[in-house]
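Student: Protein chains in written order, with this note's numbering: chain A, 13 to 390; chain B, 13 to 390; chain C, 25 to 94; chain D, 25 to 94; chain E, 247 to 426; chain F, 247 to 426; chain G, -6 to 268; chain H, -6 to 268.
Worth flagging that the hints you see were computed from the coordinates, not collected in a lab. Careful: at least some of the hints might be erroneous.
[Claimed, not checked] Lysine to aspartate or glutamate pairs mimicking DMTMM-like chemistry, simulated, CA-CA at most 20 Å apart:
hint : chain 1 : residue 1 : chain 2 : residue 2
1    : H       : K38       : A       : E271
2    : C       : K61       : E       : D332
3    : H       : K225      : H       : E137
4    : C       : K59       : E       : D278
5    : A       : K215      : H       : E137
6    : G       : K208      : G       : E255
7    : D       : K61       : H       : E237
8    : D       : K61       : F       : E363
[Claimed, not checked] Which chain G residues face chain A? A few, computed with CB under 7 Å, are given here:
hint : residue
9    : I97
10   : Y122
11   : Q128
12   : N206
13   : G209
14   : N210
15   : T236
16   : G238
[What the hints assert, rightly or not] Cβ pair distances, simulated, as ranges:
hint : chain 1 : residue 1 : chain 2 : residue 2 : range
17   : G       : D220      : B       : E260      : 26 to 34 Å
18   : C       : L57       : G       : V227      : 54 to 62 Å
19   : E       : E305      : A       : G268      : 42 to 50 Å
20   : A       : N340      : B       : E195      : 36 to 44 Å
Ideal Cβ positions, reconstructed from N, Cα and C, are used throughout, including at glycine.
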Amino acid sequence: MPSKNVKLMQGNEACVEGALAAGMKFFAGYPITPSTEIAEISAQRLPRVGGKFIQMEDEIAGMAATIGGSLAGLKSMTATSGPGFSLKQENIGYAMLTEIPCVIVDVQRGGPSTGLPTAPSQSDVMQAKWGTHGDHPVIALTPSSIRETYDLTIQAFNFAEKYRTPVFLMLDEIIGHMREKIEIPDPSEIEIFDRVTPDESEKESYKAYDNNLEVPKMAAFGEGFRFHVTGLMHDEFGFPKNDTTVTEVLMSRIMGKIENNLDDIILYDEYYTEDMDLLILSYGGTVRSVLSAAREAQRAGKKVGVFKVKTLWPFPEKRITELSKTVNKILVAEMNLGQYFYEVDRVAGKNCEVSLLGKANGEPITPTEVRNKIEEVL
Amino acid sequence: MPSKNVKLMQGNEACVEGALAAGMKFFAGYPITPSTEIAEISAQRLPRVGGKFIQMEDEIAGMAATIGGSLAGLKSMTATSGPGFSLKQENIGYAMLTEIPCVIVDVQRGGPSTGLPTAPSQSDVMQAKWGTHGDHPVIALTPSSIRETYDLTIQAFNFAEKYRTPVFLMLDEIIGHMREKIEIPDPSEIEIFDRVTPDESEKESYKAYDNNLEVPKMAAFGEGFRFHVTGLMHDEFGFPKNDTTVTEVLMSRIMGKIENNLDDIILYDEYYTEDMDLLILSYGGTVRSVLSAAREAQRAGKKVGVFKVKTLWPFPEKRITELSKTVNKILVAEMNLGQYFYEVDRVAGKNCEVSLLGKANGEPITPTEVRNKIEEVL
Amino acid sequence: MSDKKNVSLKTNRAWCKGCGICVAFCPVKILELKKDKIHVTDIEKCIKCGLCELRCPDFAIYLEEEENAQ
Amino acid sequence: MSDKKNVSLKTNRAWCKGCGICVAFCPVKILELKKDKIHVTDIEKCIKCGLCELRCPDFAIYLEEEENAQ
Amino acid sequence: MANRTEIRLTGSGGQGLILAGIILAEAALLDDLNAIQSQSYGPEARGGASKAEVIISDEEIFYPKIQNSDVLLCLTRESYCKYIPDLKDDGILIIDSDVDFDNIETSYKIIQIPVIETATHEVGKSMVANIVALGVIQQATTVVTKESLEQAVLKRVPPGTQELNRLALQEGYKLVSNHT
Amino acid sequence: MANRTEIRLTGSGGQGLILAGIILAEAALLDDLNAIQSQSYGPEARGGASKAEVIISDEEIFYPKIQNSDVLLCLTRESYCKYIPDLKDDGILIIDSDVDFDNIETSYKIIQIPVIETATHEVGKSMVANIVALGVIQQATTVVTKESLEQAVLKRVPPGTQELNRLALQEGYKLVSNHT
Amino acid sequence: MAVASKLIENNFRMNRLPHIWCPGCGHGIIMRGIAEAIENLGYDKQKVCIISGIGCSSRAPGYMDFNTLHTTHGRALAFATGVKLANPELKVIVISGDGDATAIGGNHLIHAARRNIDITTIIFNNNIYGMTGGQYSPTTPHGELGTTAPYGNVDNVFDICRLAEGAGATYVARGTVYHAKQLEKNIENALENKGFSVVEGISICPTYYGRKNRKGNAAEMMINLKDTTLDKKVAAKLPPEKTEGKLIIGEFVNKIQPEFCEEYHKVVDKFTKED
Amino acid sequence: MAVASKLIENNFRMNRLPHIWCPGCGHGIIMRGIAEAIENLGYDKQKVCIISGIGCSSRAPGYMDFNTLHTTHGRALAFATGVKLANPELKVIVISGDGDATAIGGNHLIHAARRNIDITTIIFNNNIYGMTGGQYSPTTPHGELGTTAPYGNVDNVFDICRLAEGAGATYVARGTVYHAKQLEKNIENALENKGFSVVEGISICPTYYGRKNRKGNAAEMMINLKDTTLDKKVAAKLPPEKTEGKLIIGEFVNKIQPEFCEEYHKVVDKFTKED
Ligand SMILES: Cc1ncc(C[n+]2csc(CCOP(=O)(O)OP(=O)(O)O)c2C)c(N)n1
Ligand SMILES: Cc1ncc(C[n+]2csc(CCOP(=O)(O)OP(=O)(O)O)c2C)c(N)n1
Ligand code: SF4
Ligand code: SF4
Ligand code: SF4
Ligand code: SF4
């Protein structure tokens, strides 16, 4: 008999449960396949824990309200899929520049445009990095199992709060909709990070954008700090400034708070990477096919390693560079026509051959396809 | 005395004049600094040539109406800047998948978010490539002078019509707002491409998405072809199909029509590239500073070449690879914190050292900064 | 439908989804569902009112003009 | 502003942008622009109606309560 | 090699096949096995044809979709036509008596039984056809234990319908036992 | 080296300095020179402080912005303070008589003259201060010819105001001639 | 033997039928009404353009044998505005769901109304998001259930007709799939209005709205429409107690005002005539 | 010596003043009115939250000494909805321009109205896009000039008050910067309404709207406001000829209806009380 905490759970549900475990108290969104269950389950669960759910008029408003909820002090999340993710981009940029913690879930589906609304895909990976205008840092996590969805949702909240930044959780329809065994960890085992807030004594001197701190403290509206927030370039008090130095200092702190903490943020798993003839890099639903084929290859005595990316952005440049020096060939498997491949090629291509196993026809990459590719490449 | 066709003209104005020369008859948009003059001048000029201008309620609607105008048979354009570009992304993806010719001008300004609305920037370069969800081909041109703005706007319309696809024209505030001498070419010298339309005899058999053609013929609504257009994956008649083969064939034709014509689409200029110690790659307003510094360096006997990108996307991979084999160092100069740099590094980094001169504080990169960098690198 | 004499009731069982709307609104109650598809019990009683056609969401029941009725 | 006796008219020339609105609406016509800034010609005539303050977009003219008027 | 069974439940929307898939997977968990349940949609999330997939294994399941099924349940002709090509040569086809199947040489095992009719007439509620089907699958495959299946069913069905569903399971078991 | 002159016209919004910049650049084109005109905005497109830049050269002008100006026109104290640091050591400062400047050791040339007052009183319209300023700049630098400048002015000003503007130019020329 | 009536054969893409809508979905009734209105008015089908967004209802254009455009969620009217202004000869019809037209598409609805651009919008209002599986929409009544309103909807509803009127539409009417003939007449009048027209067609979604809220099967939901609505003219003669809680159907606005494209063309004509 | 009145000192960030608005811009008058209304009502400034979009008017919050949020163009109400629902204790005020509120932000305006969420929206209506330099907006009168309407605007205008009413707002009023005291009173009433309130404050933009349309200087534009408006109560007593072409000011809606956050909290309370 398995333990009481073992459940069969859907990915989208695990995302909500993880969010609640992380302390989510606010969700604003707009339904869209295949992310809708995240809104639906949030609507059921939040009022029961004193939290708030609101279905907004569209995704733009969903993103805006999520930011508003966070500014009012609640841990906030929204969820969407490709078309909605595109619509949210302007306000995502706002959250980045104003440093508002929140979690944005994108359950990827077949695109471009309305495309194949119910089919799996991983084709928003580059949009997560470059979707909004201007330069900005990005944290994007992607899980490949139900338990990982639970864990990485908590991680997404933790990163959001720790670094005062929006964080993307990139699911794909495979993970979002499948049901799998999950053992829910005991709350005592879960590490939760809450935003650092200023204390009473700082009321008069509070700088919402204190450049002396890597991550400035964040007050909530209504607590007596009366600060200003703007999407224009701003000084340490949050007031607009049209000044090159102010811009430089602000932007370099914002970029730096991520770049200086890569070791904390970058998560990945490695399998069979000690001694390889081929390394397959993959993530999300696709890495399951890769692991299946790699297990089989290993059983057949083939040296196939797997690098499972959990933090898509920032890019795990250091580790991939290292690995690229130990192997002759890297294969990137992803459910798109080549996106993450470009970054892998940039970084690893200097040391080894990098090729792509891409697919974007609405069906997942199968273990058979990976197996055939392994045979072709080895 | 200069010729009668010599004028002092602003970049945004040259864009409209180029568009009119190319046959623009429809403009829908929403004002935003620093692109607003494009809307304003279009509003003045279009009715005088029997064309239509409409200011829509927002950028999303501006993009939608532009697509609508094109479907009704008119050459159509819209113009915006960063925040509006973000908002347009969903419908841009629609235009890509439905293959609707139109030109989207993005006059880049300081971001992210509202950022520095009146300051120059080139930080939407990656957004142009990856801003909408799903995999899709992209054509993006960027001019570095007023005459080039005129010419590339015409080119943008020609590519849009020839390849049945949305085309981006990426200006920056420097080019958009400066006034410079331009000699307007005689209309007889300008090559104009109109979309290929089906003829009467095809009325019964018309396939709006004929996969036997690289670029299917395009009828306008109201001409008797009664076809269907959808942003879902569709068959040759335009009807939705949830089928892997249909998706594959459609997507590979759509990607292919660009990839198979790279030589036609990829435009660039080279300066002093025969014999180089350093190659500087740059584009738009920034390349002017690079050219200024390079001219000076050449005069001082330094072997500094310049690669001026006019077609940002598709990426000029072939030529950059070739050049990267002839030089030890490539410097990418751009008004952002490193965007195009990544692709250059991916392609050229296998053959030579690639470094970045980036800046995103609201001021242009100056010739002095380029000069200092040249001295540092050489 | 103006000259009711020249029309007759047709069904298209392939399109019928068995929703039962026409059955509920037939004033002379000659419609029923058989194996989830429309079935006319007594065509003779049909008064050719067209209410079934008007409200069938699937265009699966309708009055057709007789070709050679003239 | 309830007890008009205890207030007096102040201007802040640094904030004044010289729009002339207060000048136009002063019922006793004691306001004018001097070098594009507000100027009170005859403070004695001020009836302390506060219309200038109410409509000055720049908060550059106002009635201030006398500190030691009590 | 691992002991892995891939089961596909097919029919039309409203027949409760997704719920059946979930219950089957939950029963497997109760048996301390691994299980993954997934479904696929038509072009949109709303109604239409329905397919639930369950994979049960004693080792970690990576790929969550069925490539070739070991067991195929078909409650409609449409779903039979669509999914029969993916049934393994040594698989089991469980098909409702109302559904015609093509009389061709096959190597898989065919169990044609009146699932829907049994639910309607023997149990008294067409709604429980999915539970009858679960009984059939259990009996035909023993991929999960009866105890776990019953426990899983009772956990998921609406309060007050326990008896009805227990009966449905029994009728399902019987159908296979009686099947020649 | 090329003959390149960088001219910065500064003051407040509404003084028509952008138009003056355009006219100056157009005059340069008429002289068969290259010219670039640009301006910079405050944090938004609307009103406020105003700055127009003109670069005139006999060779191709790449960088369109001024790094250090050869000529700086200041019609307000605010703009004087902001832009004086970028004036070249051998440059020319043209400053309105109403504007105080800091009495420090300088190597650049200072021409303080009543541009606005001349427009208001000699020409009769404060609006044409920008044209007076153009006359001043021409006379002080000869960067463009008088013929081209006049032609450029007349092309751009509203119909019916030609005489007024011609007069404004003349008064501008005179101001410099009379300046000691 | 033909498989469908002349109306269907003449106006639909027969090879695309039957449609994907669920058994008893009211959308087919409104779609048929639109076709009949077009046929009654004798429009040239080459000049009719039907545009939709995303949703169950928005699938309609794919079945209809005209110039048809299935766009992005909520944006149909913005696309339609481009089509209409670019070629005012086209008779432009927009088909939209309650979510598509009034949630994500609300802004385009009010602006098209403000402009009084000659487009006829038919909103298939089933009080729910059908396509995505039953979330509450801006027209789901207060207190009713949706998958995102598991404890009863706390939102208030839009009165679509009042909204359209407040925004400036020159023809506004409401009908239901039960009152299919009247609805068809409303659509005809809307099409004949030179300006922006909105027809709210109350539809039924037995699959989600009906099932979630225990409204019975399709036929019962139809009967419910009969019982809970009142014609505007009838209602006008009744005392308030008798009309309370009833949904009023009928024409609410029908007026003549300058149309956007015509106004724009006055400007164009000024210049082109000068030449 | 103080440089500003007590009202200004108490409610504004003195080090941010003077503001960036042009000479004679009416926005300062409305901003002052909001501060005075807040002060009159004695709200705790720690609990007041002022939220805006993008535009000249939307710069107001930066000057006001409360919890202030300057968001993206048109989206202020969506942000505000999040803030208010997350912390209903906050008194949430949205400041928006005519373009910000009714062009790009139109959808959020009508949905906030529909929800009747307790937010007070003050629209600074100067009939033009000021910040971007004078393009026509949804409230630029037909025939008038804007940089994008060089031959006279062909669009029709929104009646913002009718739109808000049609969408479900429970308090709706219109005032002008000339009628500054009445406007302030309207703002007070709006703040006191438990639900969604809209106050349209007619402002003046001498720089663009005034200059383009030869409306004279700021003072002349103010006088024009006096001459072209009529109080609702006065108008009610006049014959139609006398009210034609006049803009009616005053209160249009003031009613009590369930408020969104309260309704939501009934659901939350049901569960939290169970515990
Ligand atoms: C940008 C975007 N957001 C969300 C969706 C998901 N979506 C598709 S249809 C729909 C709502 C459909 O409801 P309605 O318009 O009322 O039409 P119905 O399906 O009920 O006929 C939603 C939310 C989408 N396709 N695109
Ligand atoms: C997404 C986006 N689109 C457009 C703009 C450009 N923009 C800034 S303010 C504005 C309009 C301002 O007009 P209004 O809201 O009426 O305020 P006003 O400036 O007149 O007070 C526009 C179009 C923007 N900042 N962001
Ligand atoms: S109304 Fe149509 S679909 Fe429904 S039962 Fe009758 S014929 Fe069949
Ligand atoms: S109203 Fe104010 S800004 Fe205008 S002139 Fe008077 S004091 Fe100066
Ligand atoms: S889900 Fe509802 S609206 Fe959609 S087709 Fe089914 S019944 Fe119709
Ligand atoms: S542009 Fe108009 S609205 Fe903006 S500050 Fe100036 S006067 Fe005010």
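Student: Look at each hint and say if it fits the structure.
Tutor: Status of the hints after comparison with the structure:
Pair hint K38 of chain H plus E271 of chain A does not hold up; C-alpha atoms about 38 Å apart against a cutoff of 20 Å. This hinted pair does not check out: K61 of chain C and D332 of chain E have alpha carbons roughly 30 Å apart, beyond 20 Å. With a CA separation close to 25 Å, the supplied pair K225 of chain H and E137 of chain H exceeds the 20 Å bound. A distance of roughly 42 Å separates the Cα atoms of K59 of chain C and D278 of chain E; the hinted pair therefore is violated under the 20 Å criterion.
Straight-line distance between C-alpha atoms of K215 of chain A and E137 of chain H comes to about 49 Å, which puts the hinted pair past the 20 Å bound. Distance check on the hinted pair: K208 of chain G and E255 of chain G sit about 46 Å apart at the alpha-carbon level, beyond 20 Å; violated. For the proposed pair K61 of chain D and E237 of chain H, the alpha carbon gap of about 39 Å is over 20 Å, so the pair is violated. Between the alpha carbons of K61 of chain D and E363 of chain F the distance comes to roughly 18 Å, so the proposed pair stays at or under 20 Å and holds.
A least Cβ separation of about 4 Å between I97 of chain G and chain A falls short of the 7 Å threshold, and the interface hint therefore holds. Against a cut-off of 7 Å between C-beta atoms, the interface hint on Y122 of chain G holds, since the closest Cβ of chain A lies about 6 Å away. Checking Q128 of chain G against chain A by beta carbon gives a least distance of about 4 Å; that is within 7 Å, so the hint holds. Annotation: N206 of chain G was flagged as interfacial toward chain A, and the flag is violated, the nearest CB pair being 16 Å apart, outside 7 Å.
Given the 7 Å rule on beta carbons, the hint for G209 of chain G is violated: about 24 Å separates it from the nearest Cβ of chain A. Using the Cβ-Cβ criterion of 7 Å, the hint placing N210 of chain G at the interface with chain A is not satisfied: the shortest such distance is roughly 24 Å. Residue-level restraint check for T236 of chain G is violated (minimum Cβ-Cβ distance to chain A is 30 Å; threshold 7 Å). Using the Cβ-Cβ criterion of 7 Å, the hint placing G238 of chain G at the interface with chain A is not satisfied: the shortest such distance is roughly 25 Å.
The hinted window of 26 to 34 Å between D220 of chain G and E260 of chain B is violated, with their beta carbons roughly 52 Å apart. Against the hinted window of 54 to 62 Å, the Cβ-Cβ separation of L57 of chain C and V227 of chain G comes to about 34 Å, which falls outside the hint. At roughly 45 Å, the beta-carbon separation of E305 of chain E and G268 of chain A lies within the given 42 to 50 Å, and the hint holds. A C-beta distance of roughly 56 Å is found between N340 of chain A and E195 of chain B, which places it outside the suggested range of 36 to 44 Å.
Hints 1, 2, 3, 4, 5, 6, 7, 12, 13, 14, 15, 16, 17, 18 and 20 from the list above are not met by this structure, while the remaining hints are.
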